[in-house]
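Asker: In case you want the letters, here they are:
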Amino acid sequence: MSADLSPLWEVFIRSRNGLAHRHAGSLHATDAEMALAAARDLFTRRGEAASLWVVPAAAIIASDPAEAGMLFEPTGSKIYRHPTFYEVPEDVGHM
Amino acid sequence: MSGICEPAMGAMVGSALTLVETPLLRALLARADDALILGHRLSEWTGHAPILEEELALANLALDLIGQARLLYEYAGAIEGAGHGEDDFAYFRDPPQFRNLLLVEQPNGDFAATMLRHFLYAAFADPYWRAMTAAGDATLAAIAAKAEKEMAYHLRHAAAWVIRLGDGTAESHRRLAAALDALWPFTGEMFTAEAGEAALAEAGAVIDPATLRPLWDATIDRVFAAANLARPSGEWAPSGGRAGRHSEHLGHLLATMQHLARSHPGATW
Amino acid sequence: MYTQALNTAEAPGAPVDAAAAARFQARIDAEQRIEPRDFMPEAYRRTLIRQISQHAHSEIVGMLPEGNWITRAPSLRRKAALLAKVQDEGGHGLYLYAAAETLGVAREALVDQLLAGVAKYSSIFNYPTLTWADIGAIGWLVDGAAIMNQIPLCRCSYGPYARAMIRICKEESFHQRQGFEIMLTLCRGTPAQKAMAQDALDRWWWPVLMMFGPPDAQSQHSQTSTRWKIKRFSNDELRQKFLDATVPQARFLGLTPPDPALAFDAETGHWRAGPIDWAEFEAVLAGNGPCNRERLEARRRAHEDGAWVRDAARAHAEKPRATKAQAA
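Chains as they are written, first to last, in this note's numbering: chain A, 1 to 95; chain B, 1001 to 1269; chain C, 2001 to 2328.
With the Cβ distance kept under 10 Å, some of the chain C side facing chain B (calculated, not the full set):
id	residue
1	Leu2186
2	Ala2302
3	Ala2312
FYI, nobody ran anything at the bench for these hints, they're computed from the structure. These numbers were taken from a predicted model, which means no experiment stands behind them. Backbone N, C-alpha and C define an ideal beta-carbon position, used for all residues, glycine too.
From just these sequences and the hints, can you work out the full model?
Answerer: Structure follows, in structure tokens:
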């Protein structure tokens, strides 16, 4: 049945201007126009969107969860990147 | 104007409405019936579409059209002033009282026929409602503003499928061409105004559909070129839908649609 | 989302890495979510594929019994609402197939299993919709039962399934209400309408109670599913919740569930149903319900009749861009 395969697309929705596009889900379509139309019909039936992106799923390069430690844990110790690391006397006011 | 509507022929259980059709009421019912009957036809696809994603698309198209019909019936009821609501018009008129185009009552056929029928209609309805946004009648203009956006999308969706199927495989092209042969004769009726509607158009209340022919022709030519389709020649150009002289198909459609409502006259659902 | 990347997933029967499995269970116990490319035991993956695809099949097959009344809905308001509801079910099927695909199986393969009669779907959709009241009963009872089942799934340990369920539950909130409203309108209508409503309840009541699955003592998959936090309530617990919520609603409607043994247990505060005929459930599940053959046949026909459309769309997409540029 592999003859029946059609590409997978990822759908991103901007719910209203001012907000970023956010992943909503995925669907199948043979061409970009069909993917956009299907995204509209599938994910925006209740006024959820002001803008849509569709992206071929195969075009997404994802990080490997097995490498999450290497990629993301080293940042945990860099507490000096956060404002609460620094002490400012209360008299100085909001900073 | 003939004024009084034709008596109900072969009325089903639950007797048909008696309507005094002014030209405006008659024109409103024509547009409403187009939308309802085509919406109903599309709804017949539910659960049987060729692609799951397209289930959602067909239902959306149907819902738009049923929504347009409801607004138009509601306004028709207000114009008539006899207390009739949307369901009276939809469920309690007999086939000869329906004013829709023959095109929209044609059976779904295969997916090519359904999409082509939709394309042929949307290529007309899109510019029709856009033009109607400037209608002298404010209520109609407001309905048109909503319908215009919907039909613009319908046109895009149906045109994309006509192109895909026309360009796709030998089989899809053959099916599309067969559908075109079957449906093309019904398109002429879209551009003809009945006497009453023509008078309304002259007064600026509605649009004369004949004026939309060049826009429709341009859309048809553009999409047919991409779909490798040729306009059929042939002289048969049936009409009569606006006057209530329908194909055999409408009676069956209405028998299904109205059966339950008419079996319980006066009931609330 | 990550389907392609999962092509290298461990083969069934691959040796289980005990340490990895323990780490996995610890993550589950800590209420962490599992995402598609994370390590997961093969059994977890297969359990989810089976459950999510059955759920998806149920949504798609479930379009048929209600779709049966779209062309006959007795008012335009009801027609639009029913069409929108059945459309939602198609959408929910798609969300769920997409969630299953993140586990490394193609939707086409899952659909093939359904059409081959190998995959299961909810037994309830093998019952016929004989009158308009069945549309009310399905919304009120079947969707009501489904919600009981689905709300806990929003917290399922597998991220994509949980996210699909959140979207589905949000959209389904109108389904049960529209069903109850149909029933209420019928019950306040003519005697014929009221009789139609009671008849629908008579026919749907027991099959709906069966929807929650066999009693806990006989359920095959329950224990591991609970350990993996795929399932958070047992079949019997959910059935009881449904019963307690629904019996008062039936009374409000002035309808009587077809169970002479149905009684309120004042001590526990629960409604107690009479014995369920599990032989009927087994028969429907085995393919011998009233509509099993028709439902599958309808899905097969749609699939086969649509093959040329899918072929055409693919062929069009594969043609050189130059051809399409002319079209635009």
